[in-house]
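Engineer: Given these sequences and hints, build the entire structure.
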Amino acid sequence: MFEHSDPKAAGVVITCDFDGKTVTQDTQQCVHCGAHWVVVRGSGRPHVWCYKCVGNTCSNPACLRQCYPEEKRMDDIAKHGRLIWPD
Amino acid sequence: MSLYTARVNFTPTTVPDGAIHIIGSATARAALCGFNISSDATPVEQTGEYQVARTSTTGTGAATPTPVKASNFSPAAVCTLAVGTFSVDPTLGDLLFDTSVHQKNTFRWVAYPGREYHSAPAANAGLLIHCISQSAPHSLNVSAEWLE
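From first to last, the protein sequence lines stand for chains A and B. Numbered as in this note's numbering, the first sequence ends at 87 without a single skipped number. Numbered as in this note's numbering, the second sequence ends at 1148 without a single skipped number.
A portion of the hints provided could be inaccurate.
Where chain A lies over chain B, by a calculated footprint (3+ residues, C-beta under 8 Å) [claimed, not checked]:
#, region
1, 1099-1107
2, 1114-1124
If you anchor each label on the Cβ, the simulated ranges turn out as follows [unchecked claim]:
#, chain 1, residue 1, chain 2, residue 2, range
3, A, V40, B, V1044, 42 to 48 Å
4, B, Y1112, A, S43, 18 to 24 Å
5, B, V1078, A, R45, 35 to 41 Å
6, B, Y1112, A, Q66, 24 to 30 Å
7, B, A1076, A, F18, 42 to 48 Å
8, B, F1073, A, I84, 39 to 45 Å
Some chain B residues near chain A, calculated using beta-carbon distances under 10 Å [stated by the list, open to error]:
#, residue
9, A1026
10, R1029
11, C1033
12, G1034
13, A1041
14, V1044
15, V1052
16, R1054
17, T1057
18, D1089
19, G1093
20, L1096
21, V1110
Bear in mind the hints are in silico, worked out from the structure with no lab data behind them. Here the structure is a predicted model, which means the values were calculated and not measured. Backbone N, C-alpha and C define an ideal beta-carbon position, used for all residues, glycine too.
Structural biologist: Listed below in structure tokens is the structure:
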């Protein structure tokens, strides 16, 4: 299913189908790790709305389980040289 | 912020193999806002898997070209590049994007403003576009645009 109508889209994939017709698909961005994923409605992949970060997470179990915002990750790498996962 | 571009044409030898590695620093973070994957090989039925990931070491690429400014009025890029076949792979961090692309297809991803991939603010940290697997080795044309 090709989606290009998501108001929360963070990016777009532009490719073509087997007939050579241009296809665009929206991507959303994880508020925890910053990854993008192609929006496929009904895919069954879990996504969680984080009320602290006010946004969706990707399907990575670590992002689903804990709130560790992207900018906090960047700060931790700058200060400690590695990620400091919350308990 | 200024826009910079890089491109490479190469054939992955031992996968996973890097294509474009944008290396930032503690003071200059790369913000990847778009990339393009295509192939100039004779069209046949084969495919490959490609990823974008954060990195924490530079690795050793086949070449280290100078980033190309999108505007003549931009300053020279602070981020550096390593492209082509990597003899030493960078250390991977967060996986940011994963896709499969048929060799006959052209794949382009563009971030909306403010939703780019950012490298970590640390020395030798960067963003890598690399090939995870190919059903049969075929040449790739990969280009990337980033802000810094």
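Engineer: Quick check: which numbered hints come out false for this structure?
Structural biologist: Those not satisfied are hints 3, 13, 14, 17 and 18.
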